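Residue numbers (this note's numbering), protein chains in the order written: chain F, 8 to 326; chain S, 8 to 326; chain P, 8 to 326; chain W, 8 to 326; chain V, 8 to 326.
Keep in mind that the hints were calculated from the coordinates and are not lab data. Be aware that one or more of the hints could be misleading.
The list makes no distinction among identical chains, and a pair is therefore deemed to hold if it is satisfied within one copy or across any two copies.
In silico DSS-like cross-links for lysine-lysine, where the CA-CA straight-line distance does not exceed 30 Å [to be verified]: (1) LYS195 x LYS90; (2) LYS195 x LYS321; (3) LYS185 x LYS90; (4) LYS185 x LYS324; (5) LYS70 x LYS291; (6) LYS324 x LYS166; (7) LYS191 x LYS166.
All values derive from a computational prediction rather than experimental measurement.
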Amino acid sequence: MIRCLSYSQGEIVDIEPNIISEKINNKNLLWVDLENPNDFEIKILSESFRFHPLTIEDCLHRKQRSKIEDYQNYYFIVMNVFKGRKLEKEFINSEIFIFVSKTYVVTVHWSKMELIDVIYKKATVTTNIFERGIDFLLYSIMDGVIDDYFPVVDEIGEKIDEIEEGIFKKDDNVVYNKIFTLKKNMLKLRKIITAQREILNTFLRHDFTLIKEENRLYFMDIYDHIMRLFDLIDTYYDLLTGTLDLYMSSISNRMNEIMKTLTIITTIMMPLTLITGIYGMNFKNMPELNTEYGYFVTLAFMGLIALWEILYFKKKKWL
Amino acid sequence: MIRCLSYSQGEIVDIEPNIISEKINNKNLLWVDLENPNDFEIKILSESFRFHPLTIEDCLHRKQRSKIEDYQNYYFIVMNVFKGRKLEKEFINSEIFIFVSKTYVVTVHWSKMELIDVIYKKATVTTNIFERGIDFLLYSIMDGVIDDYFPVVDEIGEKIDEIEEGIFKKDDNVVYNKIFTLKKNMLKLRKIITAQREILNTFLRHDFTLIKEENRLYFMDIYDHIMRLFDLIDTYYDLLTGTLDLYMSSISNRMNEIMKTLTIITTIMMPLTLITGIYGMNFKNMPELNTEYGYFVTLAFMGLIALWEILYFKKKKWL
Amino acid sequence: MIRCLSYSQGEIVDIEPNIISEKINNKNLLWVDLENPNDFEIKILSESFRFHPLTIEDCLHRKQRSKIEDYQNYYFIVMNVFKGRKLEKEFINSEIFIFVSKTYVVTVHWSKMELIDVIYKKATVTTNIFERGIDFLLYSIMDGVIDDYFPVVDEIGEKIDEIEEGIFKKDDNVVYNKIFTLKKNMLKLRKIITAQREILNTFLRHDFTLIKEENRLYFMDIYDHIMRLFDLIDTYYDLLTGTLDLYMSSISNRMNEIMKTLTIITTIMMPLTLITGIYGMNFKNMPELNTEYGYFVTLAFMGLIALWEILYFKKKKWL
Amino acid sequence: MIRCLSYSQGEIVDIEPNIISEKINNKNLLWVDLENPNDFEIKILSESFRFHPLTIEDCLHRKQRSKIEDYQNYYFIVMNVFKGRKLEKEFINSEIFIFVSKTYVVTVHWSKMELIDVIYKKATVTTNIFERGIDFLLYSIMDGVIDDYFPVVDEIGEKIDEIEEGIFKKDDNVVYNKIFTLKKNMLKLRKIITAQREILNTFLRHDFTLIKEENRLYFMDIYDHIMRLFDLIDTYYDLLTGTLDLYMSSISNRMNEIMKTLTIITTIMMPLTLITGIYGMNFKNMPELNTEYGYFVTLAFMGLIALWEILYFKKKKWL
Amino acid sequence: MIRCLSYSQGEIVDIEPNIISEKINNKNLLWVDLENPNDFEIKILSESFRFHPLTIEDCLHRKQRSKIEDYQNYYFIVMNVFKGRKLEKEFINSEIFIFVSKTYVVTVHWSKMELIDVIYKKATVTTNIFERGIDFLLYSIMDGVIDDYFPVVDEIGEKIDEIEEGIFKKDDNVVYNKIFTLKKNMLKLRKIITAQREILNTFLRHDFTLIKEENRLYFMDIYDHIMRLFDLIDTYYDLLTGTLDLYMSSISNRMNEIMKTLTIITTIMMPLTLITGIYGMNFKNMPELNTEYGYFVTLAFMGLIALWEILYFKKKKWL
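Sequences are here, hints too, so could you generate the full structure?
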């Protein structure tokens, strides 16, 4: 699907793809959005815009990392977009490919993106965005991409709290498994954010002329958001490592508890059993056996031993 | 709540908010403090001072990280302020937002801050602060913010000592739990201090004109304090990791102790029990049973075995 | 084996080694490929091309790390080429040695390389490659080398998934062993990619004149591929460390399970055995023995004890 | 206590504090040493030397980190001095505060320092030090401070060897405890050395005019010593971490040994006990009981079982 | 022992120490080698060459780290030389001290060094070395020093393979001990190589005039060798850490195995023993005891229980 907006002298027009080339030459401001483009629509990239074959190839081959490349008269930007908010499973992300020059923005993506739809609608309705220039349009898109990461990161924070609680409650259902999946997703997320930070770094360099000085502040704002994402992910990652230690130590503690039970029972029962064994022997001459109260004395003696041991364990704080 | 101080030619005046704009134009030195401002007071930021909408938005949305941003004719600074000294629970911090130009300082915060009140009072009473310039006022505020972290960090040190002692005393009440909460707080604290160090780095660059050369030394002093905080937190963090190892090793040691007890008891009791078992068998023809002293000899023999084992364990240092 | 291609004015000729010197002086574009060269063919490097003895020595001694060296009128590049796709065993790589100036590329390798054969064939058939210049030929070779690493890295990803699954299935056949071998290979791979990234860094510096501005983009593309490899390897390495933790925790969990079984059995059986021991003693005067239902009462009592213990363990979630 | 040395035209004079100001103006070389100064002596710093209040405050508040600060006409240096050589307890250090300009050195310290006394004596006796300039005097002091760290670091090395040996000898008295205390001290020491390295870095910058080119080499020598300290501490720290692993693995090994003993005894004794249990049953019809050699055959059989098990364990290398 | 070679106009002469000063002034190329020098020979350094006292002191005090120092008219280089190839014990290294200017090289070492002898012999026999200049002589020495490290590093690789194999073979003789000693040596080696890399970094800076442009390539070659050493040591160090994990996990696995054996035996034997206990009680009224086949039924029942348990453990994969 292809959508084109042209802006010139305060007027926004929804144009047909076939007149794109003409608009480019007229120096109109232009936003072309390609959602899941077919072969014909892809051709517009090479024929109307004359983008470098390498970049078009990049658009076709997905699984790109975020980057920015300078092609003299335009920049080619890839941004990873978070998609689907289920942290239980493996984390999925898609890409948005952005071509941007001083007069146009071309966005290519292979799945419907709500954030693009929202901005597109807004750009159609008011002239607010185009008025401030092509760089402000770019800002709106990038800001949307970055802000979409916050709910994910917040959810990660909640997940960690959940895991931590689970450990204290000794609720054992595959805790480590959860930690591991979360770690996997955070590693992925961290790589994505790192790559996107590099893009912003390029933008904020003072020799980057695409961005007007008055709009620079907006990009600084995105940068600030990315840094906050970074801080959060870093902190959460360290916390996650902490919960793992917590989990391992809780396993060790439980082991200790189990061993203590075993040891206490064994240590109390074994000597008693030995005594019964002794008086169960069949020797002819065992004087104790024939005494009147031997049995009761023995039972009492066994009781004393047990008591003494229990007191000993109490003292050792095993009970 | 809004408070405004105006300084001009050695005189400090408490002014009304509605004449702020006028004072700005007159190049008077000005400190405007907004504590938990209402919508009307917030408007002063945009209308009298004409601050950038992005910065005002930042003031409204809390949970910012410390940063400094250059808006040509003023700087926008966010500083995290430590709040509430309970380390047991999760660590809480609030923000102070500072707008600073060559002639005014505007501080915005959403809760009462003692450190601001102290400086405000001092600035009202003596001309000491304003006399040395707006940058000295800024220094006073920042110094207060940073110095508030020292008691927290000192408390962390004491907590670690406490935990360490608890481990040696084998006092088991949720030690790891404590270590984990402390770690969490230190991670957070570290991020905050790192961000604030960056602000000071910006201040101390020689091309930073807001600060007069004679006041530079004061900011170097803050920097030095931050570095000390850093050193302390780093060291404590490493120590905390050390106590965790200590704790794990103490668990292992206790496990060893428990296992030893179990093994010693089992190893001594089992052979004795076997012997009693043997003489408890009902075979017709068991010559030992009919000897006069068989029972006593057997008891003595069992005693010898036990003794031999005890000596063996002594030698092996298990006892 | 030696192969030489000469290109001049749109024509590609397969030339004899003995006229190489002549072609060099005529400023023809030249590609000389030496596959497993004999002593005579090696001599061409020193005599026709007058390469520095140190570089020729490097070609003869294998096990080089990737590097680029500037010899004023030519560059000497070593690249590690992945060879053989069996990750189970230790990872093997060979080298390709490339001498490149503005007019020639000389490639030396000690084993047949499919990627060279493919490019050679392509260069013979169409003028596409030579037309764009010697630097494009270099790009084609380097791109082939780098792209050969992707299947390996993908395979590593699959291996990790396999190992992870094996841990959850409690399939114990030498899991750690596999993790260890994989780690070994990844360490090696990482070193190789790091060294190759440095080469690309040198290429992309703006003062590197060998590459024409129009072909620079292609080398940026290679750089981008390397960065992707890097990201993947880094992520996989962290994941692998994660699986190791997972494995260790699964061992600990199994240990816990075993200990629980032991403790439950012991704790239930021992008191019962003690009771049977008591009534197995041979005291003359044991009133219970002579009661009519003593035996059955005792059995019932033992049953109750066992039941009580089972309930206790259920409550403690050990069962 | 205050001591002042004045040097001028080859003559060294012990002067009174009250003529310090005069000597400063006369451009005599001057060394003023304040040991545990009283309020009156502190006043000299502010009144005669006119040092900045911030630096004087630093002198009064101890627990400073090593640093160098540039106050236009003099430098303020803080150096941590090692004090007391008992590594068992927590590591103590004090500070020496140095004010240095082209014509004077002022040293302030709160406890008697042998290294200062030594240099003071030397400076009184010969003109060797003052002749080479104020910077050489500074070098002498700093060199003394740094060299004092070597015996500590050497002692750490010996301690580690001691701990390591203790582990192999299975000498258990609080080993981990020792490792932990040592780690604590090394962390502290590392911070100190790092801060001092930064001072030297400042000194060796070529735009640092306080030091004459001919004396620069001496400061390079100090730098070299610091680097050696660094190397040693780093290596020892890594070794210490290694000994911790060694200790943990030795605990695991001992646990294994204990468990083996337990398992062997249990595995041998239990089946034998079962057999005696069987022939201890009171069934009327148990044919074996009435055979002539049943008892002896049973004993022999039990012996065989035990033997077979022992051989089995030998094969499994548990014995 | 002192040896001096003088080179001038294609002629190499073995000269006497007493004419060194003269040769220095004549601008002859000169190599003076001091092996284990006596006091008289040391004096040559200060009197003929007028080297700085600090450097001569460095020569006398051994245990230096590799470094390069610029003394205006000469450079002072310390290089650590590997000595003795026994990795079992602690790693020993000695130093070679090199003074180099544009016209002479002075080497000082305290033990016989084969690599020096080899180069000295070569320099005596052919003019190859001196012809290419003093810097080539320096290269020859440094190259020899670095190349001496390769056999050590290769040996480390073999040791690691050996340790790894030992773990799989469950060959227990002090494995961790070996890992620890190896780690210690690698730490030391790594520090040495790092320091030597820094020297080469200084050499390869373009403003380093001692080295002629045509000989620069040779030093790049040494640098390349050092980088290879680095890569190898890094990889081996990571591998060693891996083997440690492997070892710990093998201990855990063995523990698991032991615990399993214990649990299986206990779990099978205890219930059987309980049954024999029951029928060993002396109650008057136990109907089963008087039945004809009670004994055999009981034995069969016990057999069934044992069988059922074994099947259960098989299912749980404990057997």
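Verification of the hints:
no. : hint            : result
1   : LYS195 x LYS90  : both (13 Å within a copy, 28 Å between copies)
2   : LYS195 x LYS321 : neither (50 Å within a copy, 41 Å between copies)
3   : LYS185 x LYS90  : within (20 Å within a copy, 33 Å between copies)
4   : LYS185 x LYS324 : between (34 Å within a copy, 21 Å between copies)
5   : LYS70 x LYS291  : neither (89 Å within a copy, 82 Å between copies)
6   : LYS324 x LYS166 : between (36 Å within a copy, 24 Å between copies)
7   : LYS191 x LYS166 : both (14 Å within a copy, 15 Å between copies)
Hint compliance for this structure: hints 2, 5 are broken, all remaining hints hold.
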